[in-house]
Each structure stands twice: as structure tokens, then as C-alpha cells.
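**Q** So the chains spell out like this:
There are 4 protein chains.
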Amino acid sequence: MADDLDHDSVAHGMQPEDTPELRALYQGFAEESLIPLWTQLGDLMPMHPKSKAVPHVWKWSKLLPLAEASGALVPVGRGGERRAIGLANPGLAPNAYISPTLWAAIQYLGPRETAPEHRHSQNAFRFVVEGEGVWTVVNGDPVRMSRGDLLLTPGWMFHGHHNDRDAPMAWIDGLDIPFSQQMDVGFFEFGSDKVTDYATPNYSRAERLWAHPGLRPLSGLQDTVSSPLPAYRWEHTNAALTEQLLLEDEGQPATFEPGHAAIRFTNPTTGGDVMPTIRCQFHRLRAGAASKERREVGSNVFQVFEGQGAVVLNGVRTQLETGDMFVAPSWIPFAFEAETQFDLFRFSDAPIMERLNFMRQAVSE
Amino acid sequence: MADDLDHDSVAHGMQPEDTPELRALYQGFAEESLIPLWTQLGDLMPMHPKSKAVPHVWKWSKLLPLAEASGALVPVGRGGERRAIGLANPGLAPNAYISPTLWAAIQYLGPRETAPEHRHSQNAFRFVVEGEGVWTVVNGDPVRMSRGDLLLTPGWMFHGHHNDRDAPMAWIDGLDIPFSQQMDVGFFEFGSDKVTDYATPNYSRAERLWAHPGLRPLSGLQDTVSSPLPAYRWEHTNAALTEQLLLEDEGQPATFEPGHAAIRFTNPTTGGDVMPTIRCQFHRLRAGAASKERREVGSNVFQVFEGQGAVVLNGVRTQLETGDMFVAPSWIPFAFEAETQFDLFRFSDAPIMERLNFMRQAVSE
Amino acid sequence: MADDLDHDSVAHGMQPEDTPELRALYQGFAEESLIPLWTQLGDLMPMHPKSKAVPHVWKWSKLLPLAEASGALVPVGRGGERRAIGLANPGLAPNAYISPTLWAAIQYLGPRETAPEHRHSQNAFRFVVEGEGVWTVVNGDPVRMSRGDLLLTPGWMFHGHHNDRDAPMAWIDGLDIPFSQQMDVGFFEFGSDKVTDYATPNYSRAERLWAHPGLRPLSGLQDTVSSPLPAYRWEHTNAALTEQLLLEDEGQPATFEPGHAAIRFTNPTTGGDVMPTIRCQFHRLRAGAASKERREVGSNVFQVFEGQGAVVLNGVRTQLETGDMFVAPSWIPFAFEAETQFDLFRFSDAPIMERLNFMRQAVSE
Amino acid sequence: MADDLDHDSVAHGMQPEDTPELRALYQGFAEESLIPLWTQLGDLMPMHPKSKAVPHVWKWSKLLPLAEASGALVPVGRGGERRAIGLANPGLAPNAYISPTLWAAIQYLGPRETAPEHRHSQNAFRFVVEGEGVWTVVNGDPVRMSRGDLLLTPGWMFHGHHNDRDAPMAWIDGLDIPFSQQMDVGFFEFGSDKVTDYATPNYSRAERLWAHPGLRPLSGLQDTVSSPLPAYRWEHTNAALTEQLLLEDEGQPATFEPGHAAIRFTNPTTGGDVMPTIRCQFHRLRAGAASKERREVGSNVFQVFEGQGAVVLNGVRTQLETGDMFVAPSWIPFAFEAETQFDLFRFSDAPIMERLNFMRQAVSE
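Chains as they are written, first to last, in our numbering: chain A, 1 to 365; chain B, 1 to 365; chain C, 1 to 365; chain D, 1 to 365.
Please keep in mind that the hints were generated in silico from the structure rather than gathered at the bench. Source: prediction; values computed, not measured. Some hints could be false.
Stated by the list, open to error - Selected chain B positions facing chain C (Cβ under 10 Å, derived; list incomplete):
#	residue
1	Pro16
2	Leu37
3	Lys50
4	Pro65
5	Pro94
6	Gly110
7	Pro111
8	Arg112
9	Leu245
10	Asp249
11	Ser299
Note that CB positions come from ideal geometry on N, CA and C, so glycine has one too.
Could you put together the complete structure from these sequences and hints?
**A** Here's what the structure looks like:
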């Protein structure tokens, strides 16, 4: 354990002298399923979060061709359930976790294919960086998936997907699978082998009921744990970000920081996060703007939606283009630089950290 | 007090015999600022709410000409502050209260007039049943007032109004003045004798920041007591109600009751009521539909926005047209009948009743 | 109205000229149940709360003999319900209100008498400044009433009282009757003409379940609107105040201000106030200590429990002894001076003001 | 992976045929840090929680002698920080986790020894099954540790321990270390090498301020994330449980289930759990009583405080005596049988499960 000892962790001072008595004691511990704290303290309780997860960037130019190749080789249907390819954090092998709490994958659905219905405790969303033509059916309500849209599938809602077109479509899935797997909270149930409604409306029934700013149906006065809104449309997101930058131009307080507009997707019944474990946000930097360097407890995943720019992750600068994804594990600093107008979708486990009182944030000046 | 005694209230049983000793006792009470419970119980603690306020209907065809006449005769400006005419419940004379908690008035602003800025603890809103051309300036942010819009002025926000046109405009004000006056909670402060910004934008800055469904600016993550959204536009209200009725046509659960769509205006930071004392809603009945008869604790005020129909208030049916207003005091039953599509704006003190745990509701079958 | 006009209220500037046209307009208003704002603004919206209620002190030396005299002359039983004598604020005549929201009364029960059971929406408590021997039966659970105890009867709980001794007993009742009467929220229901349980246990069943610091029965995990604890015993109140002053002696932060210990009675399921409309507190000043002068929105009522001292109410100093009561209406400054150790029970409508966002407080330096 | 496939998990149906193209695809995945969902679905998303943690019992008769032996062989002090021996779930090797979220250890402090001060994000408590003489100093406030007491050290509070006696003492520590380690949320800071206050009062300052049932100091009106009460004393716990069983004898609803009294330790500022991640409870079964069999999401750890009885864990019955500990991992059924009066201390991660909406419970009939 000595190589774990450093000035930035709890030191393993005062290890007991190795004697026959100590060996007998350790043997006794082993027999009784006991492990002493003093042999492992630095690992257990670091001075600050030191994730096994590492900062990592995935290039869309690599992801998409692999997803397309899998479309030809791997069936989708009951059993495998989804043609989804997980972004596996190199520090968390052999698990397909992008972080200790979050799962991110590229999902691919061929022309006219259907991914069958199921439900699970895990909370899920989809984000569409390009393409169209798929409807996700959430508790029987078909929800169009188009470029720039955020689509929700909160825990224990039945859902399947079907492609109504002759072209394939790929998108990003985000879930709390690593959290649920490690914390032993997940239930799963199969539903229809098809989707229960193959209609292809422009707007789902739930959107027609809920997507009116500040208006709540009297048939929906009970607060819900997750958002009743299954889709957050690009036209609204884009308008909100556009207005923030225009207001900033007019000298009004509106942006998150200078040149940096940002919105949080929220549950209209509470004003809080869309799901109990996952926060979703959208960020836009003006061309030429740079964000401050920030770090926070919990993990953050980003996908470039549009534009050219760079992320500085733990001091390492990486150039980014549309579709590129990256993860900032807990307490790893990150900052952005925009060459053009630079749009980023973001999701994180911040609701977990905030609800359990572990959140901390730091900003470099 | 005998005439107050009835089977439906706490009876004044067992009044003490009138003797010299009792008179001396009552004299002692009076000298010491004391009043015995047994002489007044039925009034103090009725079997159910029995408001001094009475159900009453005001006809727009009478209100508007009187408001117009006041425009010629009564100045507006610092001191009088507003050319507003209160709807005075006949049961609450000499107070200009529409109910024990609520104030409702028709306000009139002549061509190019300005109502100066002030602020007060009282929460206020405006609702526009017809007309356009006035901007209300809330904490320096000009908010357009157009037909069908609900405009908020939560407590302690500076506000003034100015008419940008050559035509007058009238609208409805709602406030919690009776509550604040009787409960001694009000503060008042003068602001500018003009409005601080004579701009006439289509959308206020706060709407540009907040009127995006389910989206919250990162610059506005702190929950606010009242809604940060100063205007709820008719196009959104109308769309929400239209969709509810269409969903009902499709066999989906969406309406409040059959043929009756309804929305509540909410604070997007919490999903709750727009202000701490006032609830605002909008109701639409299909042509031919009728609501159930309901009663609830607290007072409800309605204005017909459009259509033909009737209200049955405490068993009395009154025909209604655009602009007509009426009040249902606490525990007075009310029901609606729609001849044409029938749109009603509604406000009430329900947040007071709910937050203090006094709310009760009953529906007649 | 001119005599209402002053520099410290909204001025009635710019009253319209008295003309036949104006008189016709005012006649039209009257016919249509309308009252213009400009004739009444200063009253409706003062610069700060100006209660009709006045600061007032009631002397226990006067109250108790009158209560005793009523014991001989006035029966108690179904109909009159209670032999309670309300402290009527001189500014609120002819109502028996101690403030616009609160009712306070001295209640008197003769030897072996029973006050029959009923329930009502109004929230009630009793506080015992002297005496013993009565049990209040709350939802069938007999609760001993002893010196220094606070006893709760939250809204809609059946309750009656019985005197188990051969001596009479008097105590103080506090309720939200004025609020409920003016706001039209009250329901009332008769119960047994007797009390349903004449047992005289030292501790009620609810205390046995709930009066353990920081411990919650698993049979009571549902939060309740009002406290499930029907009695707050003097031994606990006294101990808490004693410890605060001892901690202050030790240099620890514990008191409300120097020399001034204070506790709030709370609902153990939420940590909040005991009832939705009424706050109860207990204050103790060291001999020689003085409080700062404070004012707050809402009304506060105090009863001296023990000791000698004075209150300065709106600048007027009054000497106080055990049992003396006084009211500080909204925004009236009050301060205390203790000659001996000085104990005061306090109740107020602060939960109403806080829940509806009207609370403001000011401290004189 | 085939051996993971069973009817009670998501089946790995439709695995693609092994071809050169598929191998190339998988090679591409590996190069880009991608892992497909279809090769691992059953593990990731089981039909119900299937913890790697196993039900396990630790015997006090084995634990205590090993702790005593470590007292002679292992120093305590800065670096090692604590002489604590973790109960390591056999299913979670090589980690010293009793469950995926919880840490439990026996800590041992020799005569006159001091464990130095530090603080960390992790929430901690201690429970004393036997012995006395140690004071834990929490943010400078010395807290006596005696038999039956629950002592809290919420996250980020400085704490150390010192033994004031000539005899050693052992107790149980509970923390959320596994959660914090896996979820990357922990910060740590050294404090004094000694404890900052060697006083040995019977009651800590915080208890003197807070341990009064239903009473809240006015100096402590701000709600706190964790309980401000650092100790829950056995006399209160015992009294609460005793009264529940007496009330049950009297035919009153008071117990959790027949013959089974239980209390939850709560934060008096909110009525909620003592810390954001850990629930603490105490259970007492009458001699001869048996609980129903229950399972719940999340992990539960128990220690027998007194009496003879048995636990049935996942169908396996184990006889238990004072000090014995066991864990029921997520969704593992457990039930109790009491031979004598049977007292059990319990802690769990239920606040995590409830706050993140993952809690489910089932009771066998």
C-alpha cells in the first residue's frame, strides 16, 4: 500500500510492526470477514475526490461509423433489447461506465426497425445530435425524435423505439445504470415485443398537455418525481439560448457568465431536475468566448451539438467538432473555448450529489 | 342575538339568567375590555363558512361605460395613483372588497396617459378582456398588455402603466388588498412619477428569459416566491385549452371534467401558484357542456372572456356575456352552462386556504 | 376622507372637481356596486401596517376575579360550549378579537364541571399560568393541564375539558377565530355532551408516543399538518431555558440575545410551528436584562408566567406581574425589561405571515 | 457471459453470429473505448436487485476479542487515524464494505488513549453496545458515549475521541464510506492531533440546547442538513419503546406491528433522517413475538443490543445474542423471532433510496 501514500491523501502512518502476533491477528480478521481500516485509509478517504474514472474524449467521426457497422451485423429485438454501444471510461474497465454513476451510449436503429418495449428502474434520456425519423413510445405515447431534441424516459415507464423511415438513425442514450448496478436498486420488466403505438405525430400527447410555458393542466396538479414532459424541443432550447445572448447584448443580466448562455431542462411540476438522478443542460458560447475553469463533485458528460471549439480537461486541450463527447469525472477541472458559436448538450449526476448533500463546486479565477 | 340562533349554527343555549349580579359582571367585563364567548358563539364559529360577502354578478355592459366616463372626469397621477374602480361586494359595504380577501377593479387609462410607479406588499395581477396599447412596467421591464393576457405584479415590485396609443384601454386588476388591509400586512412606497422605461417591446425581458416550456436559465436557479414570468400570453393559454379538448376527442385523459378544459398559471421555479396569495386559472367549456356544481373554502372571482353561457350561483342562474364578472364567496356553490364555447378567467385566494390548511372542496353529484 | 390624509400614507392627491357629471358618475358607481380607488387609497394601502388594533395590557388581577365571578353566574354546557371570556382589543370593538387574527380568552371551569366535546376548523391551544386539576380530552386522549404547560387542540380535533378536582381552574385559550371568521374558513361540529374519557393520567397517550427528544415512532412516519404532541410540559420548557442561560454563562452561543433565552414549540414531524396559523414561544430574561426593541408584521400576544418586569409597547412602559397579558399589533414596537428573572409565554400569527410571504421584522439598534 | 443467462434476468437473446466482420467491429469498439450493451445486458439491468453483497452474520464473541487483541498490537494516532476494524461483506472482497453503500466497524480505544481529530464528507455515527468512558468531541463539543447511545458525526464536522478511563472501550462505527468511495464524493481534512476539549460532561452543549422534546432554540431556527443533536440517549430510546408496548397492551395503535415497537432517530429541525445518507432506528420485539418477513431496496445492518432471538435472512435462520451483527443486502428478505425481549439497533441507506426515488418495499403475508 506504500505507493498509495502521498501528501495529498490520508497517510498510512504508524503501521504496526510485523510480528507473529500481528500475523495471527490478521489471520483472525480474515477468518471472521474483517478488514482493518489502518491498512487502507488513503484509498477509502482521500483528501478530495480521486475518481478511477479518467477524463476522456470520444470522437463522433469514430463513433458513428462503428454504430453503422453494428447495424449490419447485430440484430435488435427481444433479449438484446437495444443496439446500443456504451462509451466505456478507460479507468473503469471492464465496465461500460462513462463514469461511476452514468452510462452513455450511441444507439442505432436501422430503417423500419423496432426496438421492443420494456421498463426499468433506471432513468433514461435520449439526445439527438443528427437525424430524424424515429419515434420513441413512452407509456404508449409516441414521441418524435428530431435533431436537437431531448427525450425523457424516467424510471419504470415502458418504452420502445421504431424507425418510420427508410434511413437509419443514431442518437445518444444517457442512463444511471452504473449507479443502479453498484447500488443494487434496479428492477426490469419486459413489455410488448413491438411498440404499442406506431403513430408518428409531430407532438406527443404529453407535450400537447404540458409544453405550454407556465401553464399546468388541472388534470395534472399532482407533482411528479420526474418531468411529465417527454420531449424538450430544439426550437425552444435554441430560442432560450438566443434570447440570453441578445439580452446580454442589451446589457441585461441573463447569461451564465459573459458570452455563455445556458439553460437547465426542468420538471414543470416542481421546477427541479427532469429526473431524480440526472441533470440535463444546454450551453452555448459565443464565437471567441471562453468559460471559466470549473470543477464539481459528481460526473459531467458533454456532447458537442454544433460549432467548433475546444475543451480543456484537467489541463489538456482537445479540439472538438459536432458529435464529439467527453466526460469530466468528479473534481476534474474543465473549461471551454469557442471558435465559432459553440453549442454543447450536458448531462450529469448533480441531482444525486445535491439531494445527498455531497455537492461542492469550485471556479478558478 | 336570538335571531342569529338557528339549527345550522352553534346554538346560544343556556344563556345565564338576567340578574343584578350578571349585569355587574358584564359591566366588569366592559371595563376591562373583555367580551364573553357565550354571547356570540354562533357568529364566531358557524357550522360552515357563512360569508357576509354575497354572490354577485357585474355586467361588463355597465362597467365599461362607467370606466369610460371616469376617464373624462378623474385625473390619474401621483396621489390617486390609479383610475381604478373597485367591484364592491354588496355584503361587505362600505368596503370596496369583492370578497373578504380579494379586490377586483376595472382600471382605465386614457390615450397617452401614464399611471406613475409605486410598489406595495400587496400582490397584483391584470387581465385583459379586450383592447391593447398599454405597457405595464414591472421593476423596469416593459410588459405588453394584450387581449387574453395575464400580467403579474407580485408584492413589492415597482410598477407603473403607460398607454402608447391614441385610444384608451381598460382592463381588470386583481389584488389581495382586503386580506392585507384586515390582516395589517401592507407596506407602500412611491417610485417614479413616470414609468422608468417607455419602450414598447412585444416581449418583456423576463419573458424572453423565462417563457420557454420546461427550460430554466442558469442565471435563475434560485426559486422565487412569485413567478418570474410577468406575462402569460393568450396564444399559449388558448393553445393549451385547445389541445385538452382535442385530446379528449381522441379519448385521452386531459380535461378537468368532460367538456371542460382548464389550466392553472404557475411559477416555473416551483410549479406552484403564481403568487403566494392568489391563484389564477383559465377555464373553457365546450358548447353545450355543463360543469358539476362545486363549492370550496375561500372566494373565487370569474370574468367571462368569450362566449355565451350562464353561471348558477347558489342556485340562481344568470346569463353571461363577454366581460361579465361574478364572485362566489366561501362555500357558495357554483356551476357553469355553456351555450357556445365558453371561456372564463378565474382567480381565487386558494393559496391562502391551502397554505394554512383551511381548504375544503365539495362536488355535487 | 381628508382627515385620513397625511404624509405617512398614500395621499389623496388630485381628487376630481365636484361637478354634476361627477355626481352622476358616483351615482352610477353606487348603482352598480362599484367604489373608486381614488376615494380611499390611503386606508387601503398604508405606507406601513397601521392596525385598528391597539397595544393593550390586561391585568391578571382583574381578569381572574371576573372569571371566578362568571363561574358562579354562567353555566357551562352544550350550546354556550365554554365559559370563556375574550380579551377584546379596544380598537376592534365590537368584536372580541385581541388582534385581527387572534383570539385570547380566560377560560374557567368549576369543580367537577365538564365542558362538552366539539370540533372546529379553528386551531386552538391552552396555556396554564396557574392551577391544576383539569384534563382536556383531545380526540379521545385525556391530557393533563398543569402550571406552565402548553396544550394543543389543532383544527378539526374533537375536544372537551373536565375538572377532576373540588377546586376551580382557569387558564388561557388562544385561537385563530378572528382570522377564520373574517376569512370565512370555519366549520364546526358537536361531539359528545360529556368528554369521552374521564381518565386522569399523568401523560396522554400521544405524549407517551411522541415526547421523546429526536425519536419518532415508526407508527407515525406520515408528517402531520399540526403537531402530534398535545402537551409541552413545563419541566421541559424550563429545562431548555435554564440550559440556554447556563450555556451563555459558559460563553457559548445559545441565547436569542444577551440575557434572553427563548424556545419555539414545534411539530416534531416537521420541525415547524405547532399549528398552521399559530406560533407559540417561551421567553426568559435574566434579572436586569433588557431586550432590544422589535417590531414585526402580524400580531403578538404575551402572558407573564413568572417574575417582575415591564414591557415597553409603542414607547409606553407598563409594569407587569404574573398572569398579565398584552398584545403588540402589527408593526408596533415592543421591548422587555426584567427586574427579576422574567418568564413570558408568547403566541402569534407568524406562520400566516411567513407562509404567505408577508413577514418583515425590524430591530432597533 | 452465457452462465449469467437465466429466466430471471434479461436474456442475452440473439447474439450476433461470430464472423470476421463482427470480430473487426468488436476490435473497433475496443480501440475506441466502447462496449456494446448486448454483450452484458443481464448483468447491467437485472429483473430485481441482485447484490454481490451477501447476507452475513458477525458474532460479537469473535469481534470483541479481535478488537481487544488489536489494542495491544496496533497504535492509534495521526495517519492511521482510528483503530477500527471493518466488517467486510464476503461478496464484496477485497473491499471492507458491509454493503455497497455502508461501512460498519468495531472501533477500540485503549485506556487514556486519544484518536486525533479530523473531518470528512462521509457521514458517521457510533453506537455503543457495551462499555463507557469515552467522549467523542464533535466540532469541539465533548459528547459522552454510554451503553445504548447513538452518537452522530455528520459530514464535514471535526471529530476525535478520547478515553477518560483506565479501561478500554469498544463500539460500532457506521459510515457511508462505500457510497462515497465509489461515487467519488469524499473530502478529508486533518484537525488537531489531540482532541480540542478533554472535558467529560454528562451532556454535550448541543444536547443541552436541543434535547428537549418539541422545543427548538430561537438561536437554532435555520434547518440543518443533519441533526444538530449529537447524541440520542438510551434512557429516551428505552422509554419510547417501553411506552409503545404498554400502549399496545392498552389496545392503542402505537407499535410498528404486533409485539414489535420501533423508533426512528430524527433531525429535530426537519423531522427527517439524522443524516442525508443514513437512517438509524431501534427495534424491540416482545418475548415470543415474530416480525413479518420484509425486503427492501438498499442495505440494512443490525446489531443485537440485548436479548435472545434469531434472524431469518434469505430463508436461513441464525441464533443471535448481544452484540451480534448482520447485514441484509438489497432485496434480501429478513425476519426476526424473539425468545426474550429482543432489542436491535438498525441502520440503513434508506435516505439515499428514498431521495433518489429508488425505494421499494415488500412484506410477505
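**Q** All the hints need checking, so say for each whether the structure fits it.
**A** Consistency of the hints with the structure:
no.	hint	in the structure
1	Pro16	holds, 5 Å
2	Leu37	holds, 4 Å
3	Lys50	holds, 7 Å
4	Pro65	holds, 8 Å
5	Pro94	holds, 8 Å
6	Gly110	violated, 14 Å
7	Pro111	violated, 18 Å
8	Arg112	violated, 18 Å
9	Leu245	violated, 34 Å
10	Asp249	violated, 39 Å
11	Ser299	holds, 7 Å
Hint compliance for this structure: hints 6, 7, 8, 9, 10 are broken, all remaining hints hold.
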